[in-house]
Structure formats: structure tokens, C-alpha cells
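Undergrad: Just need the whole structure built from these sequences, with the hints factored in.
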Amino acid sequence: MNVHAWFDIAAATAAAAMTVGCYFWRLKDAAARIDQAGFGYAIALVAGAVLGGYAAGTTNLRLAGEPGVARSIVGALAGAIVAIELFKRARGITGSTGIIFVPAFCTSVAIGRWGCFYSGLTDHTHGAPTAFPWGHDFGDHVPRHPVQLYESAAMAAFLVVALVMLARRDAFFLRNGFYLMVLWYAAQRFCWEFLKPYAPVLGPLNLFHLVCLGLMGYAVWMLAEGRAARERQD
Amino acid sequence: MKALLILLAVVTLLAALFLGGCAVSGIHAYVTMPANAVMYRELYRDIALMSSFGLAGAVAILIANGFVLPGLFRNSTPRRRLVARVLGACDVVLAGAALAWLVWADRGWAAWPWTWLAKAGAVALALKGVLIWRLVGRSATAATDTRAG
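From first to last, the protein sequence lines are chains A and B.
Going by the working numbering, the first residue of the first sequence is number 1, and it counts up by one from there.
Going by the working numbering, the first residue of the second sequence is number 1001, and it counts up by one from there.
Hints listed in this document are in silico derivations from the structure and should not be mistaken for laboratory results.
Predicted model only: the values in this text are computed from it and were never measured.
Here a beta-carbon is modelled for each residue, glycine too, at the ideal position from N, C-alpha and C.
Careful: at least some of the hints might be erroneous.
Claimed, not checked - The following label-pair restraints were derived from C-beta to C-beta distances:
#, chain 1, residue 1, chain 2, residue 2, range
1, B, Leu1117, A, Trp25, 20 to 28 Å
2, A, Leu202, B, Pro1078, 49 to 57 Å
3, B, Trp1114, A, Gly217, 27 to 35 Å
4, A, Leu63, B, Ala1100, 26 to 34 Å
Said to hold, decoys possible - Some chain A residues judged to face chain B by a derived CB distance under 7 Å, without partners named:
#, residue
5, Ala14
6, Thr19
7, Ala32
8, Gly40
9, Arg71
TA: Below, the structure written as C-alpha cells:
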């Protein structure tokens, strides 16, 4: 096992601890919706995340002409969302069920990306060459954007905001926190993707740009739908 | 509390599936090692060996959580609940054995803080097992109460 795997374990452990903490602190009622949704919810979530994660990661690797299997957190997020939305539609479940996963997701990205950073060039997550003073040498004597750390910092910042909102019991955030997190994650990732040397598939956009665009569209759509539904209720 | 166990099982399953993939690619790299990489053979072999342990751990986690999860839901069947309770009991036995081994290891080669972190993990595992046993045992009653309410 390499340094990446150790950081993955640390990220998973911290995410689990954050889930426990937030559950007892503010999200007990939100978590109860998972129990009500049934076993199929868990199956859809895990299957969607795994299929999406490996499919997006491996496809991006193959587009660059590299052999092997890879995983991608943005692919896992998109896969899980597709699977859960299909499951919810089939079961007639309405409203967001994802708020309980927000602290865990932010924590796992904020910590896990350091594993990508320390793994160096072999991880294929490094940035493009840069002349900026904080450019990092990943082993080939070329200063590159430490995009992993940009992403880690962005999600750590969102985690702080999320915890403040939870502390305030902000009703808008409790209803839409998951969609806001998806919007933020996809938007910041969309920006960092321009700093990565991945193969373009549509103009200057790579595969992850397209996934991020889809996620941003989904988040905006769900936020608008939620608002419209509330207005109809009022 | 049962919802928390469901969440933790889902998070653990996801971690095991992605870590398992990492381990498989480590083993795959050794098996498909190019002929001109002879000078790296030992490095590849060590990575494959460590990956094998990682893969074994991931499979154990997948089995334990994958079979516990169905029994935790409100609408689970008696058979699923029984499997979950048996695996909850296995967690406690495994945690007890791990604690005993760690205490023994403390006298020899083990160094702080790793064994203490491992001990904390074993205590958490035992706690999880006890919670599964207690909460899953209550499932049938809870479901009846809900319907009556």
C-alpha cells in the first residue's frame, strides 16, 4: 500500500468520525430519512458511486492513452446522484436526502487530496506547469500547480461554512445543503480542471469539465425545483 | 441510532470498495510487470504483497458490512436481522481477540501510538457490535410500534 492508501484510510476514518459527530449534533432527523428510504437506497448509493467513480476515472486515463484502472471522486459523486435520483423517482421519494453526507464528503476530499498530492506524478492528479512561486516539484523538476491542495482548501472552506450553517440551524441550508455542496464542488473543480494536463474531449474541456457542468446543472435545477415547490405550498 | 449505523456501514463500504480497487491495481501491476522492469521486481513484489493484505482487509470489511446493512433497515426481514446480529457478535469477538493481541504486542515490539490507535479501533468495533446486537434486536418491535402509531 502506498501513501495514497494511508491518506484514503485517514480520510475515511475522519469522514466517519465527522458523520458521527454531526449526527448527534444536528442531523439525527435528516439521517432518519435514510432508514425510511430502505435498503435499496444504500444499494443504489454504493453501486452508483462505485460504477461512476471507476468509469469516469478509467475513461479519463484511457483518453490520455494510459493503461490501467483509475477512480475519480467527481465520477463517484455523479454516479451516486444519478443512482439515488432514479431510486427516489421509482419509490416516489421527494426532497433532499443528502444533507447527512455533506460533512463526510467535504472531510474526505479535504484530507484525501493530500494523499494525491504526496503520491506525485504517478497519481495523475497533478497540475500543469506554472511560474507561480508556490509551484510544486512533483519529482520531474518542473514546478506545477498543486491543484490537489487547491481542491482540499476549497472543500475545507465549504466544510467550515456548512458547520456554521448547521450550528445556526439554518433552514435553507438544512433543506438544500447537499445541492449547495454539489454546486460548490463542481464549480471549483471545473476551474481547477483548466490547470490539469488531461486530454480534451470537447474544445478545451476534458471529461471532468463535462461531468462538472452536468453536476452544476443538476444542483441549480434542484435548488430551483425546491424553491418552486415551496412557493406552490405557500 | 440505527440510522447512524446505516450511514457508517455505507461510508465503510464505499471506502473498502475504493481501497480494494487500489489494492487490485497494485497486484495487477506486479502480475503484468513488463519484462524490462526486472530491476524493480522486488519493489513491485513488496507493493503487491502489501496490496494483498489491503485487499484481504477490504474483502473482510465488505463481507461484514455488506451482510449487516440489510438487517439494519426498518423493513428488514427476520433472517436479515439474524445475520446482522450474528455479525455484530463476531465484531465483539474479533475486537476482544485484537485487544488481547495488542496488549501482548505492547510487551514486545509494538510502539506507541500505533497500538493505542489500534486499541481505540478495536473498542469502536466492539461498541459497533454491541449496538448492532441491541438495535437490530429491537427492529421488529420498532416496526410494530410505528405501524400502531
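Undergrad: Does each hint fit the structure? Answer for all of them.
TA: For each hint, the structure was consulted:
no. : hint                             : verdict
1   : B:Leu1117 / A:Trp25: 20 to 28 Å  : holds, 24 Å
2   : A:Leu202 / B:Pro1078: 49 to 57 Å : holds, 53 Å
3   : B:Trp1114 / A:Gly217: 27 to 35 Å : violated, 46 Å
4   : A:Leu63 / B:Ala1100: 26 to 34 Å  : violated, 51 Å
5   : Ala14                            : violated, 11 Å
6   : Thr19                            : holds, 5 Å
7   : Ala32                            : holds, 5 Å
8   : Gly40                            : violated, 9 Å
9   : Arg71                            : holds, 6 Å
Of the hints listed earlier, those the structure fails to meet are numbers 3, 4, 5 and 8, in rising order.
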